[in-house]
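Single-letter residue listing:
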Amino acid sequence: MTPLLNGLVEALRAAFADRVLGVEEFRGDVTVLAEASAVADIAGFLRDNPLCPFDLCEDVFAIDQYRTPRRFEVKYHFFAVRNRVRIHIKTAVDEGDPRVPSIAAVYPAALFGEREAFDMMGIVFTGHPDLRRIYMPEDFAYHPLRKDFPLMGIPGSLTLPER
Amino acid sequence: MGLESIFGEGYLTTRIDALVAWARKNSLWPMPMGISCCAIELMSAGDPRHDISRFGMEVMRFSPRQSDVMIVAGTVTYKMAHVIRKIYDQMAEPRWVIAMGACASSGGMFRSYSVVQGIDQFIPVDVYVAGCPPRPENLFHGLLELRKKVGKSSVLDLPDLPPAREKRSDQPGNGKGRGFA
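In the order they appear, the protein sequences are chains W and D. Here the working numbering is used: position 88 in the first sequence is 88, and no number is missing along the way. Here the working numbering is used: position 130 in the second sequence is 130, and no number is missing along the way.
Since the hints were made in silico from the structure, they are not lab data. Nothing here was measured: the structure is a model prediction, and the numbers come from that model. Any given hint might turn out to be false.
Listed next, the stretches of chain D that the computed footprint assigns to chain W, with coverage defined by at least 3 CB atoms under 8 Å from CB atoms of chain W [what the hints assert, rightly or not]:
id : region
1  : 71-83
2  : 103-117
3  : 121-129
In silico DMTMM-like cross-links for lysine to aspartate or glutamate, where the CA-CA straight-line distance does not exceed 25 Å [to be verified]:
id : chain 1 : residue 1 : chain 2 : residue 2
4  : W       : 90        : W       : 59
5  : D       : 86        : W       : 138
6  : D       : 79        : W       : 18
7  : D       : 86        : W       : 139
8  : D       : 79        : W       : 35
9  : D       : 86        : W       : 162
10 : D       : 79        : W       : 162
11 : D       : 79        : W       : 116
12 : D       : 79        : W       : 25
13 : W       : 90        : W       : 138
14 : D       : 79        : W       : 48
15 : D       : 79        : W       : 148
Quick list of the computed label-pair ranges, beta carbon to beta carbon [what the hints assert, rightly or not]:
id : chain 1 : residue 1 : chain 2 : residue 2 : range
16 : D       : 109       : W       : 148       : 49 to 57 Å
17 : W       : 96        : D       : 59        : 55 to 63 Å
18 : D       : 148       : W       : 95        : 51 to 59 Å
19 : D       : 49        : W       : 135       : 18 to 26 Å
20 : D       : 48        : W       : 148       : 48 to 56 Å
21 : W       : 133       : D       : 109       : 22 to 30 Å
22 : D       : 59        : W       : 137       : 47 to 55 Å
23 : W       : 44        : D       : 49        : 22 to 30 Å
24 : D       : 89        : W       : 152       : 23 to 31 Å
25 : W       : 133       : D       : 60        : 30 to 38 Å
Idealized CB from N, CA, C, for every residue including glycine.
Please put together the full structure from these sequences, using the hints given.
Right, dumping it as C-alpha cells:
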C-alpha cells in the first residue's frame, strides 16, 4: 500500500472508528469494508479530503453472495484523477433489509448505478431522489440478477404483444 | 414507352392475380428494423460492394407507412417487442416480415429472461435468415425467397388482420379514456 493510501485508510479509521470494519489489499487495489450506514459519509470524506480528493465515482454495483449471512454486497469505485489513485469501498447488507444510504448527493454520477443495482438486485438506496427501475419495465415484479432468479425468467412476468 | 414497341398494336392477356403479384414482388420496399449487430450487416448490404439495389426493389423506407417488408435485424427484448408490434401495425397491407439472424429467429445465443425467443411469438414471419450475423449475401437470399413467395400470392389472400381485440387485462392502467370503445 502506498503511503498516500495508507494515510487515507488511517484517516478513515480515525474518523469512522468501528464503522470501518477492515481493509483488504489485492495487487495494489485497496478495498475498505464499511458498515452500510457509513457509506455516504465515507464517500463525502473521500471526495472532500485535501490530501487526495477522489473526484470521480467510477462505478456503483451490487454482488449477490448467495447463501452467506449478509447476502448483498454493494461496491463503489472511486478515482482521484490528479493523484491517479483508486480506492474501493465495500459494504454488505442482509437479505431481509437490503438498505444502503445513497451517495448520489455526494456523487451525482452514482444516480444511474444505484438505479441499476436497485433494478437488478433490489438494493434500496435510501435518499436516492429517483429510485426507479432503469432496464426492466416498471411493473416488473422481480430482481433478475439475483442468484435465485431463474435464467429464463418467470413465465408471464413480462408481457408480449398479442400476435 | 417501350412497351408499345414490344406489343405493337396488340394486347396481352394475363390474370389479375399474376399481374398484381408481379407488381408486388418487384417493388418490395424494405423497412430496416435495425436493433443490434445484424443492422451493421444490413448496412453493408446497402453498400456499393454488395448493392442491395441490384434487384431494383430496395428503396429503404424509414417509415412503416411507406414500406412493405420489415427486416427485423437484431436481438428483440420483451421491452422492444411492443415497439416492433406498434411499428408493424402501422405498415399497410400487404406486408411481410424477414427475421434476420439467429436472435430475431429464435433468441439466438441469448437464452435469457429479457430476450424474446423468436419474433414469431408476436408477429407473423415470412422468411427466417440464418446466421449470426448473416452475411449480406445471405440476407439477399432471404429477400429473393420472399420475392418468390410474394410472386405466388393472390390478391384474394386474406390479409392477416388481427382479430378484434379484447381489452387488455395484463397491462397496467384503469382502461378509462384510452383507445376506441
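Evaluated hints:
Given as covered by chain W, the region 71-83 of chain D passes the check, having 4 residues with a CB less than 8 Å from a CB of that chain where 3 are the minimum. Counting residues of the region 103-117 of chain D whose CB falls under 8 Å from any CB of chain W gives 5; the rule of at least 3 is met. Against chain W, the region 121-129 of chain D contributes 4 residues with a C-beta closer than 8 Å to a partner C-beta. That satisfies the three-residue criterion, and the hint holds. The straight-line distance between the Cα atoms of residue 90(W) and residue 59(W) is roughly 12 Å, inside the 25 Å bound, and the hint therefore holds.
Proximity of residue 86(D) to residue 138(W) is assessed by CA-CA distance (about 19 Å); at most 25 Å being required, the pair is judged to hold. At most 25 Å may separate the alpha-carbon atoms for a hinted pair to count; residue 79(D) and residue 18(W) exceed this at roughly 45 Å. Pair hint residue 86(D) plus residue 139(W) holds up; C-alpha atoms about 20 Å apart against a cutoff of 25 Å. Note on residue 79(D) and residue 35(W): the hinted pairing is violated, with a Cα-Cα distance of about 37 Å set against a maximum of 25 Å.
For the suggested pair residue 86(D) and residue 162(W), the alpha carbons sit about 11 Å apart, so the restraint of at most 25 Å is met. For the given pair, residue 79(D) sits about 14 Å from residue 162(W) by alpha-carbon distance, which is consistent with the 25 Å threshold. A threshold of 25 Å between alpha carbons decides the hint, and for residue 79(D) with residue 116(W) the separation of about 16 Å falls inside it, so the pair holds. Distance hint between residue 79(D) and residue 25(W) is unfulfilled; the C-alpha atoms sit about 41 Å from each other, more than 25 Å.
Distance hint between residue 90(W) and residue 138(W) is unfulfilled; the C-alpha atoms sit about 28 Å from each other, more than 25 Å. A threshold of 25 Å between alpha carbons decides the hint, and for residue 79(D) with residue 48(W) the separation of about 41 Å lies outside it, so the pair is violated. Among the hinted pairs, residue 79(D) with residue 148(W) is consistent with the structure: their alpha-carbon atoms are about 22 Å apart, no more than 25 Å. At roughly 24 Å, the beta carbons of residue 109(D) and residue 148(W) sit outside the given window of 49 to 57 Å.
Look at residue 96(W) against residue 59(D): about 60 Å separates their beta carbons, and that is inside 55 to 63 Å. For the pair residue 148(D) and residue 95(W), the beta carbons lie near 58 Å from each other, so the given range of 51 to 59 Å is met. At roughly 37 Å, the beta carbons of residue 49(D) and residue 135(W) sit outside the given window of 18 to 26 Å. With their beta carbons about 53 Å apart, residue 48(D) and residue 148(W) fall inside the hinted range of 48 to 56 Å.
Against the hinted window of 22 to 30 Å, the Cβ-Cβ separation of residue 133(W) and residue 109(D) comes to about 25 Å, which satisfies the hint. With their beta carbons about 35 Å apart, residue 59(D) and residue 137(W) fall outside the hinted range of 47 to 55 Å. Distance hint for residue 44(W) and residue 49(D): a CB-CB separation of about 57 Å, inconsistent with the stated range 22 to 30 Å. Take residue 89(D) and residue 152(W): their Cβ atoms lie about 28 Å apart, and the range 23 to 31 Å holds.
The beta-carbon spacing between residue 133(W) and residue 60(D), approximately 35 Å, falls within the hinted interval of 30 to 38 Å.
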